[in-house]
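The hints should help you fit chain B onto chain A, whose structure is shown.
Protein chains: 2
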Amino acid sequence: MDDIVRLGHGSGGKLSHDLIAKTFAASFSNPILNRMDDSAIFDLSGRIAFTTDSFVVNPIFFPGGDIGKLAICGTVNDLAMSGARPLYLSTAMIIEEGFPVSDLTKIVTSMQKTAEDAGVVIVTGDTKVVNKGCADNLFITSAGIGVIPDGIDISGSNARPGDKVIVSGTIGDHGIAVLSQREGLKFSVPVESDCAPLNSLVADMIKAAPNIRCLRDPTRGGLATTLNEIAAQSKVGIHIEETAIPVHDAIRAACELLGFDPLYVANEGKLIAIVPPDAAESVLNAMRQNKYGHRATIIGTVTDQHIGRVTMKTSLGASRIIDMLAGEMLPRIC
Amino acid sequence: MDDIVRLGHGSGGKLSHDLIAKTFAASFSNPILNRMDDSAIFDLSGRIAFTTDSFVVNPIFFPGGDIGKLAICGTVNDLAMSGARPLYLSTAMIIEEGFPVSDLTKIVTSMQKTAEDAGVVIVTGDTKVVNKGCADNLFITSAGIGVIPDGIDISGSNARPGDKVIVSGTIGDHGIAVLSQREGLKFSVPVESDCAPLNSLVADMIKAAPNIRCLRDPTRGGLATTLNEIAAQSKVGIHIEETAIPVHDAIRAACELLGFDPLYVANEGKLIAIVPPDAAESVLNAMRQNKYGHRATIIGTVTDQHIGRVTMKTSLGASRIIDMLAGEMLPRIC
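If you read the sequences in order, they're chains A and B.
Using this note's numbering, the letters of the first sequence correspond one by one to residues -12 to 321.
Using this note's numbering, the letters of the second sequence correspond one by one to residues -12 to 321.
Looking at chain A on its own, in the form it has when it is part of the complex (with noise of 0.2 Å):
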């Protein structure tokens, strides 16, 4: 009977108690979270950043991740981008009568593992459950709380013509992994999702220059809408050039062969910086030593040209404007 997730496990009474003590409870169990009130509670203070995600990919599980893992790193990762360290999140699951409960306990499971790995703590949550049919297997909405520390102000606003603009490692790989994995192709090399938390990134990256301008990471739109994202909010010009930016062998066919853009296509566990030019290099170091960012590298210069406009010089050595993503290219992809 227990085996599958039923409408009664969301009715806040005995099945809901039931559920919650042996899957959430179970899994994410700290003194916070355990005191089961209607709030947490914890001591804070300073400049605070506070952010919430929902999460709908499809499928839920993928090549290098679950939208567990998705749900906590999306949320770490915004937090990181503030320049905020990631400290509490909140996990809210709207669940499809009928969904095994192995698989949420997998996913539960998942969020814990991903959650120490970040250093954060689940301190509440709710679930809800919705008839066969109204919801399409699981969706997670995470929230969270970090702290800023002094002396930081990153936005995207921050971009000033000079700035140099930095791209963590390879790009495309989260949107293709779950495109792969929906679609049920088979490439000759594997593609798996970069999926990760980026907050120790940050933390080494803003230890070595505190006068970081922007971070964003690059989810759905890719980088070409980050990089006009910023473009606008800074009204500045950025330009990059093709030849720069890490792509996977792998990736690259992919989207070739099925007519994507590596530029337009999610990522999970990069990361755009933007920062000085003086500061470029001991970001790089910095960033080289971590493992989310050994192949960070500089793909492009903030400029005082074409304000709100994104250009590159294309690998043939033409420029050309890179608008924001237009369309809808890969749905529920995050």
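Since the hints were made in silico from the structure, they are not lab data.
Be a bit skeptical, because a hint or two may be false.
You can't tell identical chains apart in this list, so a pair holds if it fits in one copy or across any two.
[Unchecked claim] DSBU-like mimics (lysine-lysine), calculated; alpha carbons at most 35 Å apart, straight line:
{"id": "1", "residue 1": "Lys9", "residue 2": "Lys194"}
{"id": "2", "residue 1": "Lys100", "residue 2": "Lys300"}
{"id": "3", "residue 1": "Lys1", "residue 2": "Lys300"}
{"id": "4", "residue 1": "Lys119", "residue 2": "Lys9"}
{"id": "5", "residue 1": "Lys222", "residue 2": "Lys194"}
{"id": "6", "residue 1": "Lys222", "residue 2": "Lys1"}
{"id": "7", "residue 1": "Lys119", "residue 2": "Lys222"}
{"id": "8", "residue 1": "Lys300", "residue 2": "Lys9"}
{"id": "9", "residue 1": "Lys100", "residue 2": "Lys119"}
{"id": "10", "residue 1": "Lys300", "residue 2": "Lys222"}
{"id": "11", "residue 1": "Lys300", "residue 2": "Lys278"}
{"id": "12", "residue 1": "Lys119", "residue 2": "Lys278"}
{"id": "13", "residue 1": "Lys300", "residue 2": "Lys93"}
{"id": "14", "residue 1": "Lys9", "residue 2": "Lys222"}
{"id": "15", "residue 1": "Lys173", "residue 2": "Lys1"}
{"id": "16", "residue 1": "Lys278", "residue 2": "Lys93"}
{"id": "17", "residue 1": "Lys1", "residue 2": "Lys119"}
{"id": "18", "residue 1": "Lys100", "residue 2": "Lys278"}
{"id": "19", "residue 1": "Lys194", "residue 2": "Lys173"}
{"id": "20", "residue 1": "Lys93", "residue 2": "Lys119"}
{"id": "21", "residue 1": "Lys119", "residue 2": "Lys173"}
{"id": "22", "residue 1": "Lys194", "residue 2": "Lys278"}
{"id": "23", "residue 1": "Lys100", "residue 2": "Lys173"}
{"id": "24", "residue 1": "Lys194", "residue 2": "Lys119"}
{"id": "25", "residue 1": "Lys278", "residue 2": "Lys1"}
{"id": "26", "residue 1": "Lys173", "residue 2": "Lys222"}
{"id": "27", "residue 1": "Lys119", "residue 2": "Lys300"}
Just chain B, lined up with the frame of chain A:
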């Protein structure tokens, strides 16, 4: 073309930015949200309360409220039940492809109005769109942050024998209002959800008696389940009097007709307070002067009998055990 939400509105690209600008940013506009970085940033210090809830109510519009009002009230109330002053909220939406933009605008407007009523600010959010048939209209997950004033220690673990049990008003209104809307039931006296932000009521109560022991809003599972949770957490017995529990005549009639027990029906604008006996009168007086507590009344007492159990003296004078909700009575009520 733009009268319905399309998959592209969840792409993270241009369509997402357009939808966010037209709906969320237009309604929620405030200096923290308007930075439009990956996290909201603000200063805070002290004992922090942090909570989250997903809302999957069906239908999304019902007498007395809608899913947006519910999402704000639910999160504000969870914070208030820990004694916190609610401050900042996040909102993450999972929208089914094809959902009318006009309905989204109505819900967003309702959220902003409720947030203003409650004195909280929506500072960050997320929007995902899933394929038609992969969600049911719209799900909202909100998270919230509040600050607990010095000297306040409110928890479901704090009830002690001799304490008085207070309910802030009539029970069962929300569940029956949603059910009647869902099933197209008409009653001679219209029933309305009690959905309301209770933070001003809690502030008035704390002012009257800073030594309140427990506060909890009896949502899913109703009054009976919530009292059972407190009895278990505090390791006490709770004894209530059926004739003391306020129930609207229309709700009582509807429950009799439909075979529901109002003790188990969800409320979204009511709270249970457990207070030391010598504080009961001053708390009651404070509650009755607030518009959300004018029917507040004492319904029972905490005892050292039947530890972990709730007992009730029925209207016929018998005594019976009131269990936690066992199965699922009214799915998707919040």
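Verification of the supplied hints:
1. Lys9 to Lys194: Close neither inside one copy (41 Å) nor across copies (39 Å); limit 35 Å.
2. Lys100 to Lys300: neither (41 Å within a copy, 48 Å between copies)
3. Lys1 to Lys300: For Lys1 and Lys300, the Cα distance is within 35 Å only across copies (23 Å; inside one copy 62 Å).
4. Lys119 to Lys9: both (22 Å within a copy, 33 Å between copies)
5. Lys222 to Lys194: within (27 Å within a copy, 49 Å between copies)
6. Lys222 to Lys1: Intra 55 Å, inter 17 Å, cutoff 35 Å: inter-copy only.
7. Lys119 to Lys222: neither (47 Å within a copy, 37 Å between copies)
8. Lys300 to Lys9: Close across copies (34 Å), not inside one copy (55 Å); limit 35 Å.
9. Lys100 to Lys119: both (29 Å within a copy, 33 Å between copies)
10. Lys300 to Lys222: within (20 Å within a copy, 69 Å between copies)
11. Lys300 to Lys278: This pair counts as within: shortest intra-copy Cα distance 29 Å, inter-copy 64 Å.
12. Lys119 to Lys278: Classified as neither; 41 Å inside a copy, 40 Å across copies.
13. Lys300 to Lys93: So Lys300 and Lys93 fail the 35 Å test inside a copy (45 Å) and across (45 Å) alike.
14. Lys9 to Lys222: Answer is between; shortest inter-copy Cα gap is 21 Å, intra-copy 51 Å.
15. Lys173 to Lys1: between (45 Å within a copy, 31 Å between copies)
16. Lys278 to Lys93: within (25 Å within a copy, 47 Å between copies)
17. Lys1 to Lys119: So Lys1 and Lys119 pass the 35 Å test inside a copy (21 Å) and across (33 Å) alike.
18. Lys100 to Lys278: Classified as within: same-chain Cα gap 17 Å, cross-chain 46 Å, threshold 35 Å.
19. Lys194 to Lys173: Neither way: Lys194 and Lys173 sit 41 Å apart in one copy and 65 Å across, limit 35 Å.
20. Lys93 to Lys119: both (21 Å within a copy, 27 Å between copies)
21. Lys119 to Lys173: both (31 Å within a copy, 28 Å between copies)
22. Lys194 to Lys278: Close inside one copy (16 Å), not across copies (53 Å); limit 35 Å.
23. Lys100 to Lys173: within (28 Å within a copy, 51 Å between copies)
24. Lys194 to Lys119: For Lys194 and Lys119, neither the intra-copy (49 Å) nor the inter-copy (46 Å) Cα distance is at most 35 Å.
25. Lys278 to Lys1: between (44 Å within a copy, 33 Å between copies)
26. Lys173 to Lys222: For Lys173 and Lys222, neither the intra-copy (42 Å) nor the inter-copy (57 Å) Cα distance is at most 35 Å.
27. Lys119 to Lys300: Cα proximity of Lys119 and Lys300: none, with 50 Å in one copy and 40 Å across.
In this structure, the earlier hints numbered 1, 2, 7, 12, 13, 19, 24, 26 and 27 are contradicted, and the remaining ones agree with it.
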